[in-house]
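Q: Following the hints, put chain V in place on chain F, whose structure we already have.
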Amino acid sequence: MELYSGLIYPAVLVWCAVLAATGIVTMVWVRAHRVLQGVVTGMWIVTAIQLVTVLVLLISGNDAGIVLTLGYLLASVALIPLLGIGRLGAPDAAALDPDPNRPVLQPDQIARVDGGAALIIAIAAAVLAWRVAVLLGAA
Amino acid sequence: MNPIGRILLIVAYAVLGLAATGRSVVQISTRLSEAPLPYLLSGASAILYVLIAIALWRGWRRVAIVGTTVELVGVIVVGALGYLAPDLWPDETVWTGFGSAYGWVPLALPVIALVVLVRGSRASAVVDASGGA
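Which chain is which? The protein sequence lines are F and V, in order.
As numbered in this note's numbering, residues 30 to 168 make up the first sequence, in order.
As numbered in this note's numbering, residues 2 to 134 make up the second sequence, in order.
Note that these hints are calculated values from the structure, not bench results.
Among the hints, a few may not be true.
[Stated by the list, open to error] Cβ pair distances, simulated, as ranges:
id, chain 1, residue 1, chain 2, residue 2, range
1, V, S125, F, V43, 42 to 48 Å
2, F, G67, V, T31, 37 to 43 Å
3, V, A86, F, A122, 47 to 53 Å
4, F, L84, V, A86, 19 to 25 Å
5, F, G35, V, S125, 53 to 59 Å
6, F, V133, V, S101, 36 to 42 Å
7, F, G90, V, E35, 26 to 32 Å
8, F, V43, V, A130, 37 to 43 Å
9, V, S122, F, D92, 51 to 57 Å
Remember, predicted model here, so these are calculated numbers, not experimental data.
Glycine is no exception: its CB is placed at the ideal position from the N, C-alpha and C atoms.
Okay, chain F solo, but in the shape it has when bound (with noise of 0.2 Å):
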């Protein structure tokens, strides 16, 4: 418990800041996406780490709710894909889609669409480890 609560949690807390002050230079400054890029396989890692201990709390016994630490853990990492979703408007991914409406980015535009999801992901990454946090007792 004193790991998750003295170093996995305040580190999950300080990367989802390093997250979204990432996102937003990379919206101002599209040459930032390469940052980002590692920023994001770092958030990537965070989680898995948060994961892993959070489970290991749980099946050592902790009190928290399961269903609901689950929940959390399990939303925390299906927002992590999110972070991407800029490829997806690139032009070769979108010419082997048949939508007309599909949108189509260039270069400079899915920098700032994933800076922009970078924001967005890590406010809600920040909060859903807040609450495994309230939930296990170490917030």
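A: What follows is chain V alone, placed relative to chain F:
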């Protein structure tokens, strides 16, 4: 419609849909008899958010406009009724307090979406008119 705004709206509605779906599934499956109106309303809002996200992605502009209008009216009506008739609401919904539990995103998002959608409709109408002249 601006593609950046469109996709960011899709992300926002997908996140809200995920949150509302999770909340309503737990409420309806475990405590429906305690507060049927709020919990069923949370379920309906979850379906609405997912429908709007799909409509935005598929380019169903009319469905998106109707959906966001219903959402805005729902947030305002439920938010107001929460203060005017608190006995109706033994527990909170996604729209209680005008969406205050979700940082008022349920109130702000349909307004932003309607602005983007109506602007997009007007721009399309101008293009169609100039193309037909």
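Q: Which numbered hints turn out to be false for this structure?
A: Failing hints, ascending: 4 and 8.
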